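Student: This is what each chain is made of:
Number of protein chains: 2
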Amino acid sequence: MSAYEKLEKLFKKKNALSGASAVLGWDSAVMMPDGGAEVRAEQQATIGVIAHELITGAEISDVLDTAEQELSSLDEWQKANLHEMRHEWQHANAVDSDLVEAFSLATSNCEMKWRQAREESNFGLLAPSLKEVVNLSQKIATAKGEAFGVSPYDALLDQFEPGCNSEIIDTLFADLEGFLPDFLQKVLEKQAADTSFEMPEGPFELKAQKELGMSFMKALTFDFERGRLDTSHHPFTGGVPDDVRLTTRYEENDFTQSLMGTLHETGHALYEQNLPKKWRSQPIGNARGMALHESQSLLVEMQLSRSPEFLIYALPKIRDAFNGEGDHWSFDNFKRLYHHVERGFIRVDADEVTYPLHVILRYRLEKAMLSGDLVIDDLPASWNDGMKELLGITPPNDKLGCLQDIHWPGGAIGYFPTYTMGALAAAQFYKAAKEALPDLPEQIGKGDFKSLVGWLKKNVHELGSLKSTDTVLKDATGEALQTTAFKDHLQ
Amino acid sequence: MSAYEKLEKLFKKKNALSGASAVLGWDSAVMMPDGGAEVRAEQQATIGVIAHELITGAEISDVLDTAEQELSSLDEWQKANLHEMRHEWQHANAVDSDLVEAFSLATSNCEMKWRQAREESNFGLLAPSLKEVVNLSQKIATAKGEAFGVSPYDALLDQFEPGCNSEIIDTLFADLEGFLPDFLQKVLEKQAADTSFEMPEGPFELKAQKELGMSFMKALTFDFERGRLDTSHHPFTGGVPDDVRLTTRYEENDFTQSLMGTLHETGHALYEQNLPKKWRSQPIGNARGMALHESQSLLVEMQLSRSPEFLIYALPKIRDAFNGEGDHWSFDNFKRLYHHVERGFIRVDADEVTYPLHVILRYRLEKAMLSGDLVIDDLPASWNDGMKELLGITPPNDKLGCLQDIHWPGGAIGYFPTYTMGALAAAQFYKAAKEALPDLPEQIGKGDFKSLVGWLKKNVHELGSLKSTDTVLKDATGEALQTTAFKDHLQ
Numbered sequence: 001m002s003a004y005e006k007l008e009k010l011f012k013k014k015n016a017l018s019g020a021s022a023v024l025g026w027d028s029a030v031m032m033p034d035g036g037a038e039v040r041a042e043q044q045a046t047i048g049v050i051a052h053e054l055i056t057g058a059e060i061s062d063v064l065d066t067a068e069q070e071l072s073s074l075d076e077w078q079k080a081n082l083h084e085m086r087h088e089w090q091h092a093n094a095v096d097s098d099l100v101e102a103f104s105l106a107t108s109n110c111e112m113k114w115r116q117a118r119e120e121s122n123f124g125l126l127a128p129s130l131k132e133v134v135n136l137s138q139k140i141a142t143a144k145g146e147a148f149g150v151s152p153y154d155a156l157l158d159q160f161e162p163g164c165n166s167e168i169i170d171t172l173f174a175d176l177e178g179f180l181p182d183f184l185q186k187v188l189e190k191q192a193a194d195t196s197f198e199m200p201e202g203p204f205e206l207k208a209q210k211e212l213g214m215s216f217m218k219a220l221t222f223d224f225e226r227g228r229l230d231t232s233h234h235p236f237t238g239g240v241p242d243d244v245r246l247t248t249r250y251e252e253n254d255f256t257q258s259l260m261g262t263l264h265e266t267g268h269a270l271y272e273q274n275l276p277k278k279w280r281s282q283p284i285g286n287a288r289g290m291a292l293h294e295s296q297s298l299l300v301e302m303q304l305s306r307s308p309e310f311l312i313y314a315l316p317k318i319r320d321a322f323n324g325e326g327d328h329w330s331f332d333n334f335k336r337l338y339h340h341v342e343r344g345f346i347r348v349d350a351d352e353v354t355y356p357l358h359v360i361l362r363y364r365l366e367k368a369m370l371s372g373d374l375v376i377d378d379l380p381a382s383w384n385d386g387m388k389e390l391l392g393i394t395p396p397n398d399k400l401g402c403l404q405d406i407h408w409p410g411g412a413i414g415y416f417p418t419y420t421m422g423a424l425a426a427a428q429f430y431k432a433a434k435e436a437l438p439d440l441p442e443q444i445g446k447g448d449f450k451s452l453v454g455w456l457k458k459n460v461h462e463l464g465s466l467k468s469t470d471t472v473l474k475d476a477t478g479e480a481l482q483t484t485a486f487k488d489h490l491q
Numbered sequence: 001m002s003a004y005e006k007l008e009k010l011f012k013k014k015n016a017l018s019g020a021s022a023v024l025g026w027d028s029a030v031m032m033p034d035g036g037a038e039v040r041a042e043q044q045a046t047i048g049v050i051a052h053e054l055i056t057g058a059e060i061s062d063v064l065d066t067a068e069q070e071l072s073s074l075d076e077w078q079k080a081n082l083h084e085m086r087h088e089w090q091h092a093n094a095v096d097s098d099l100v101e102a103f104s105l106a107t108s109n110c111e112m113k114w115r116q117a118r119e120e121s122n123f124g125l126l127a128p129s130l131k132e133v134v135n136l137s138q139k140i141a142t143a144k145g146e147a148f149g150v151s152p153y154d155a156l157l158d159q160f161e162p163g164c165n166s167e168i169i170d171t172l173f174a175d176l177e178g179f180l181p182d183f184l185q186k187v188l189e190k191q192a193a194d195t196s197f198e199m200p201e202g203p204f205e206l207k208a209q210k211e212l213g214m215s216f217m218k219a220l221t222f223d224f225e226r227g228r229l230d231t232s233h234h235p236f237t238g239g240v241p242d243d244v245r246l247t248t249r250y251e252e253n254d255f256t257q258s259l260m261g262t263l264h265e266t267g268h269a270l271y272e273q274n275l276p277k278k279w280r281s282q283p284i285g286n287a288r289g290m291a292l293h294e295s296q297s298l299l300v301e302m303q304l305s306r307s308p309e310f311l312i313y314a315l316p317k318i319r320d321a322f323n324g325e326g327d328h329w330s331f332d333n334f335k336r337l338y339h340h341v342e343r344g345f346i347r348v349d350a351d352e353v354t355y356p357l358h359v360i361l362r363y364r365l366e367k368a369m370l371s372g373d374l375v376i377d378d379l380p381a382s383w384n385d386g387m388k389e390l391l392g393i394t395p396p397n398d399k400l401g402c403l404q405d406i407h408w409p410g411g412a413i414g415y416f417p418t419y420t421m422g423a424l425a426a427a428q429f430y431k432a433a434k435e436a437l438p439d440l441p442e443q444i445g446k447g448d449f450k451s452l453v454g455w456l457k458k459n460v461h462e463l464g465s466l467k468s469t470d471t472v473l474k475d476a477t478g479e480a481l482q483t484t485a486f487k488d489h490l491q
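Going line by line, the protein sequences match chains G and Y. If you read the first sequence in the working numbering, its first letter stands for residue 1, the second for the next number, and so on. If you read the second sequence in the working numbering, its first letter stands for residue 1, the second for the next number, and so on.
Think of the hints as simulated: they come from the structure by calculation, not from any bench. Given the structure is predicted, the values throughout are model-derived calculations rather than measurements. One or more hints might be untrue.
Since copy identity is lost for identical chains, a pair holds within one copy or between any two.
[As the list claims (entries may be wrong)] Straight-line distance between alpha carbons at most 30 Å, and here's what the computed BS3-like set of lysine-lysine pairs gives:
| no. | residue 1 | residue 2 |
| --- | --- | --- |
| 1 | K131 | K9 |
| 2 | K113 | K12 |
| 3 | K446 | K487 |
| 4 | K278 | K186 |
| 5 | K12 | K139 |
| 6 | K113 | K9 |
| 7 | K218 | K207 |
| 8 | K458 | K79 |
| 9 | K278 | K113 |
| 10 | K12 | K131 |
| 11 | K277 | K434 |
| 12 | K450 | K487 |
| 13 | K13 | K139 |
| 14 | K207 | K317 |
| 15 | K113 | K139 |
| 16 | K13 | K113 |
| 17 | K9 | K186 |
| 18 | K6 | K487 |
| 19 | K388 | K131 |
| 20 | K277 | K113 |
| 21 | K457 | K13 |
| 22 | K388 | K278 |
| 23 | K218 | K13 |
| 24 | K487 | K434 |
Just chain G, with the same shape it has in the complex (with noise of 0.2 Å):
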């Protein structure tokens, strides 16, 4: 066996543990009784450590070396897989077990922590585990920065956008600073100018929702012999892409909530399920990061699902299962509805001009609170302080502000700037489509988005990590990431 075989199987066997805990996360998001939490953490550490010790393992860092000597041997995908591995080995090996472990189970319990908080308004019941989880997170970050020669924060955005930077990201959000606000006020003007929006009236039936959204996911072509739909406090997509999971949440007197949950989570679901089949258990077969998996996601729900020709397709559905009729039901009050803008305190609600300055105030706040020039006991107050300079409302109270997010408890620090960068990514993809299919807009008005989908694929899904985000943007789009594609749908 090569060098580069012996890897090929060990990291199979990881990978066959990360989609064992991906589908216990889901578990524990959707199916899990409270009861099961501790044992659950539990579970979850000891495959997390097991994990990677696999991978660190004392003889792995000469096989690589080994590996990466018989280059020659290999084609373009299995040395972009050995690229990989080498990335994978290098974020690994920079924590020690006991830091992995630790960090999994504080992440755990203040994930569990944070739900009561949540529901309470409390932040002094999440502060003390949440210390814990930004205290661990400093460690591995201050490890993983020296591995890679890379600033603490740097080496956490690594982990979930490799290659990006705070360099990178504060040219872009500086341009989104100087732009957002005053469109934001021009908008909101313009807007109160104009007719309001209604709100169809409800209930509207659970099961009609869950029918109408899954009636959509099949006409995206998502595979149910290879995923579900369910139900949880906040949509996400799980599991692993030859079974994903994915959920959405339902409110009786607002149906959208629920379908644009769906058709987001779609988004996500699709790039997975279209990752490149002969490489599922390999390093190479994962999505490039989660700048390209949001911008799948928002391209689906922000771009695709709010254009006019969508609603053409979409709403005789609409009104079909909800039996809605009247002006409320009107193509034009449905066009305001999905336009509306407007400064709101949550961030999974706001709408594409506001979205953007709710990700900048959470990319601050987790570098000082990395930095530890920001000490959690003040973060309502930072918090608080942030909104009102960014979109000039402060919150009533700690559940519509820094208790929103699952995120700093589940220790992703180094996230929330990826919702952004795949927010411009979603405009420039979408963009880039339009131009190549020119009968886009006529097929998507019949539900047809098999040649949207067939592009997306091509472009971004079936290369899995073969190329850099930087690189799959260029390739499709002419451009590397920049904001002028979504400042220009905004206007």
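Use these hints to put chain Y onto chain G, whose structure you have.
Tutor: Just chain Y now, kept in the frame of chain G:
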């Protein structure tokens, strides 16, 4: 750290992996789309091999030896725990990782094949993969038989019911074979002369069936903070003690299926939820074996739920759930319905009188398959011959014959006898509980099961694996496993 403490740490890790695997197993049967089967099989095999390697590492044998030389420092539970560790190690150490992996993949594959073969009543579809499973089972049985100094079949039996052997089973089954055929004949004659039962007419709303089942679970003290009720093709109890996953199945025209399934599994679930809290992560904290496990489910399903006093409590609730009115819903008709005896093809639908005959058939056949006396291609014919001999009927097809059970495709040879051992033990326990709790019938009539469950908790559940099955039985009922109480119950 003492040798014993090292072992506790190690087995805690192994227990976390087994727990993860149990939840994934539940997911496979309840949630997983078909397309996920292949990758799930990889996940399960990987976890299985890692768990196996954890406790068969080169140094473990010495640590066990050392711990066994330091017995004086251990308390009663720790000593018994060490005994269980040695037992697990013996089973694991008898086979190598490659065999463990091959068996895990073969059984996953064979289970999937079985679903299709059963659906299509096509034994030919199953035969090749069943041969593989039986072939690997023979290897495992031979290796373990040598390690334990017992016959190959007894070595497999010991996996499910430690300490049991064919001699014990042969004695019990000979007794039943001498009694049941004549008794069955008499029951059928008496039944033919009596008023026949009338099936209440459906449809019965599935939601109402589920709510009714859950209300009985609650009354029986099932803790929904640490467990769930879901739906699967065959009812089972999975998960882990702090997160017990029950399933049942629903027929729109027959609510008794889902109800009796739920009650049966609740018996299993109470055993799991009441296992000793202090020993959750250790071998001693596990249920003693499958005979006692089945005794708990059958005690609830067959002894308790079919008693007149249970019907006093349950019938009004059943009537309420389905708006049942008229003769079909009378106390006497339900008694007849629940005590109806019939020669049928399907084991899981069998009554208490014919059930052991189904088990005896499987016991004979699995011993013959394992020894090689019965080749897999002859299984359908031998099955039908056995049914004719034992029950006097011949299945019209293999779906109603040798394709009905998942056990052999799943690799569980040596499991079936524990069903009938459980039925015998259930009768013994229930008799003893009634003697110990004179107010029991009255309490049951009021839907108060606390003292019954308390008695089971003290005499069975909370003991974990501290004592042998026979000692548990003797301490609780005054006698080792025997057929008297069961035969009395039938009569």
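Student: Determine for every hint whether it applies to the structure shown.
Tutor: Each hint tested on the structure:
| no. | hint | verdict |
| --- | --- | --- |
| 1 | K131 / K9 | between (38 Å within a copy, 28 Å between copies) |
| 2 | K113 / K12 | between (34 Å within a copy, 24 Å between copies) |
| 3 | K446 / K487 | within (28 Å within a copy, 69 Å between copies) |
| 4 | K278 / K186 | neither (50 Å within a copy, 64 Å between copies) |
| 5 | K12 / K139 | both (29 Å within a copy, 27 Å between copies) |
| 6 | K113 / K9 | between (38 Å within a copy, 27 Å between copies) |
| 7 | K218 / K207 | both (16 Å within a copy, 27 Å between copies) |
| 8 | K458 / K79 | within (20 Å within a copy, 62 Å between copies) |
| 9 | K278 / K113 | between (41 Å within a copy, 24 Å between copies) |
| 10 | K12 / K131 | between (35 Å within a copy, 28 Å between copies) |
| 11 | K277 / K434 | within (27 Å within a copy, 61 Å between copies) |
| 12 | K450 / K487 | within (27 Å within a copy, 66 Å between copies) |
| 13 | K13 / K139 | both (27 Å within a copy, 25 Å between copies) |
| 14 | K207 / K317 | both (15 Å within a copy, 28 Å between copies) |
| 15 | K113 / K139 | within (22 Å within a copy, 49 Å between copies) |
| 16 | K13 / K113 | between (32 Å within a copy, 24 Å between copies) |
| 17 | K9 / K186 | neither (57 Å within a copy, 63 Å between copies) |
| 18 | K6 / K487 | neither (48 Å within a copy, 60 Å between copies) |
| 19 | K388 / K131 | within (25 Å within a copy, 70 Å between copies) |
| 20 | K277 / K113 | between (39 Å within a copy, 23 Å between copies) |
| 21 | K457 / K13 | within (27 Å within a copy, 41 Å between copies) |
| 22 | K388 / K278 | neither (50 Å within a copy, 51 Å between copies) |
| 23 | K218 / K13 | neither (32 Å within a copy, 41 Å between copies) |
| 24 | K487 / K434 | within (17 Å within a copy, 77 Å between copies) |
Against the hints set out earlier in the document, violations occur for numbers 4, 17, 18, 22, 23.
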